[in-house]
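*Asks:* Numbering of the sequence shown is given in our numbering, commencing with residue 44 and proceeding in unit increments.
Rather than coming from a laboratory, the hints here were simulated on the basis of the structure.
Be aware that one or more of the hints could be misleading.
To be verified - Below, simulated BS3-like cross-link-like pairs (lysine-lysine); rule was C-alpha separation at most 25 Å, straight line:
1. 410 - 299
2. 422 - 295
3. 299 - 405
4. 87 - 280
5. 200 - 273
6. 295 - 345
7. 422 - 299
8. 273 - 122
9. 280 - 410
10. 236 - 87
11. 240 - 334
12. 280 - 414
13. 273 - 295
14. 345 - 405
15. 273 - 87
16. 200 - 422
17. 299 - 280
18. 405 - 422
19. 345 - 280
20. 280 - 122
21. 295 - 280
22. 200 - 122
23. 236 - 122
24. 273 - 299
25. 299 - 414
26. 422 - 410
27. 240 - 345
28. 273 - 414
29. 299 - 87
30. 280 - 200
31. 295 - 410
32. 345 - 334
33. 295 - 405
34. 295 - 239
35. 200 - 410
36. 295 - 122
37. 122 - 239
38. 200 - 345
39. 334 - 236
Quick caveat, the model's predicted, so the values are computed rather than measured.
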Amino acid sequence: MWPFSAKTAGDLSLNYNEIAGYTLQWLPCSDRALALAFPHLTVKAEQIPAYHYGQMEDGFALYGDDTGPPALCVAADGKTGYAFSITAHNSQALCLGHYRVGETRLGDFRDDQLAEAAFWVDGSRIVVMGGLSDCGALCGARFIFEPTADQTGDLTKATADAWRNCVMSEARFLISGRRFRPAETVNDADAVKLMKKQKIHAPAPLSPGPNLGGGDPVALLIRSQYNPTKARNSYVKLADMAVYNADPEAVKTNIKAIFTGDDDPEGVAQSIAQMFNDDWRTVFWFTLDWKADIGDLTAQIKTALGGQDGEVVLPDLAEFPANGSVGTPGVFQVFANSLQAAGLDLWFVDNPSDTHFLFIAKTSDRKRIAKLFEPTQVKASPFDAK
């Protein structure tokens, strides 16, 4: 039997462990060999899009019918006789079980085998690479995402929302790894013989891949844009906007010192949160363990407000369960409501620990502060009143 019987289920499915049902680790690149591998498709030798984007090269186009565009394109690996890649340029093929060229947006794309996400050299498109490590995959892949017609300019200078809106324009699966080939080169006659010896077998399950950025390419793009100087300047500006009782100049000096020793986004946030924690009488951000007493939250807010604490009517502790903690549902909401009644927000800074990082700022500065956090790559948001 051939590697692939006509019209099998998933005959246009592309994944790291199978290509249109083809599960071998190599593929000859000749019209007769490809016809044996994919008997449900019509194979034609013609010019196809090259790996170098925007260029064309000799290859094979595989058609699902005689009227539509090719479902797949196969490029040769030089003069080795093997294929270099199989590419989808329209929505006929299903990639990774979920995605289609011309339809899928970057914001909806996830890949557990994600290895890299980067911008094209001129910033005109986004490139996502996956399955390239030794993770049991038969092949790697390159996905290209381009901005929609209403987007213009350099994507490296655009917002993350603009990146998420880019649409997949090409899915290229890189196959026939050299270490898997039965011989260094193969001619057409030998390729046909090799193909006729092959049998259908189920694709092997994929091993865990690198899964960088949690499989979300936008997370990798954001990380690639991290600029410690811009992050430091944002925190310094925050020192002029947040409401706290420490000396602003001391806060700014400490922030600058933190960046001389550590510019990792999470490490910086941790250091800023702990800046004055050895002396609760002085705070910038303040911290609370997830099971801290509710009274500790009251004390920290009063300390942060300093002389302004009389302008805020904080909740009476008698309103809460005697053994309650800040983790009790609704506690933070009640305190946030009290602060917002006085024109203030209670901000939460996202962090991987079981400790809350918080600070207070004017509600009128909410949008400006949210903008300041973008270069820091640390997520923060005010607790909205309900």
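*Asks:* Now tell me if each hint is right for this structure.
*Replies:* Quick rundown of the hints versus the structure:
{"no.": "1", "hint": "410 - 299", "verdict": "24 Å, holds"}
{"no.": "2", "hint": "422 - 295", "verdict": "20 Å, holds"}
{"no.": "3", "hint": "299 - 405", "verdict": "24 Å, holds"}
{"no.": "4", "hint": "87 - 280", "verdict": "62 Å, violated"}
{"no.": "5", "hint": "200 - 273", "verdict": "14 Å, holds"}
{"no.": "6", "hint": "295 - 345", "verdict": "22 Å, holds"}
{"no.": "7", "hint": "422 - 299", "verdict": "20 Å, holds"}
{"no.": "8", "hint": "273 - 122", "verdict": "49 Å, violated"}
{"no.": "9", "hint": "280 - 410", "verdict": "14 Å, holds"}
{"no.": "10", "hint": "236 - 87", "verdict": "20 Å, holds"}
{"no.": "11", "hint": "240 - 334", "verdict": "65 Å, violated"}
{"no.": "12", "hint": "280 - 414", "verdict": "11 Å, holds"}
{"no.": "13", "hint": "273 - 295", "verdict": "14 Å, holds"}
{"no.": "14", "hint": "345 - 405", "verdict": "15 Å, holds"}
{"no.": "15", "hint": "273 - 87", "verdict": "53 Å, violated"}
{"no.": "16", "hint": "200 - 422", "verdict": "20 Å, holds"}
{"no.": "17", "hint": "299 - 280", "verdict": "12 Å, holds"}
{"no.": "18", "hint": "405 - 422", "verdict": "18 Å, holds"}
{"no.": "19", "hint": "345 - 280", "verdict": "23 Å, holds"}
{"no.": "20", "hint": "280 - 122", "verdict": "59 Å, violated"}
{"no.": "21", "hint": "295 - 280", "verdict": "9 Å, holds"}
{"no.": "22", "hint": "200 - 122", "verdict": "41 Å, violated"}
{"no.": "23", "hint": "236 - 122", "verdict": "19 Å, holds"}
{"no.": "24", "hint": "273 - 299", "verdict": "12 Å, holds"}
{"no.": "25", "hint": "299 - 414", "verdict": "20 Å, holds"}
{"no.": "26", "hint": "422 - 410", "verdict": "14 Å, holds"}
{"no.": "27", "hint": "240 - 345", "verdict": "79 Å, violated"}
{"no.": "28", "hint": "273 - 414", "verdict": "12 Å, holds"}
{"no.": "29", "hint": "299 - 87", "verdict": "63 Å, violated"}
{"no.": "30", "hint": "280 - 200", "verdict": "21 Å, holds"}
{"no.": "31", "hint": "295 - 410", "verdict": "21 Å, holds"}
{"no.": "32", "hint": "345 - 334", "verdict": "19 Å, holds"}
{"no.": "33", "hint": "295 - 405", "verdict": "19 Å, holds"}
{"no.": "34", "hint": "295 - 239", "verdict": "72 Å, violated"}
{"no.": "35", "hint": "200 - 410", "verdict": "20 Å, holds"}
{"no.": "36", "hint": "295 - 122", "verdict": "62 Å, violated"}
{"no.": "37", "hint": "122 - 239", "verdict": "22 Å, holds"}
{"no.": "38", "hint": "200 - 345", "verdict": "41 Å, violated"}
{"no.": "39", "hint": "334 - 236", "verdict": "69 Å, violated"}
Comparing the model with each earlier hint shows violations of hints 4, 8, 11, 15, 20, 22, 27, 29, 34, 36, 38 and 39; every other hint is respected.
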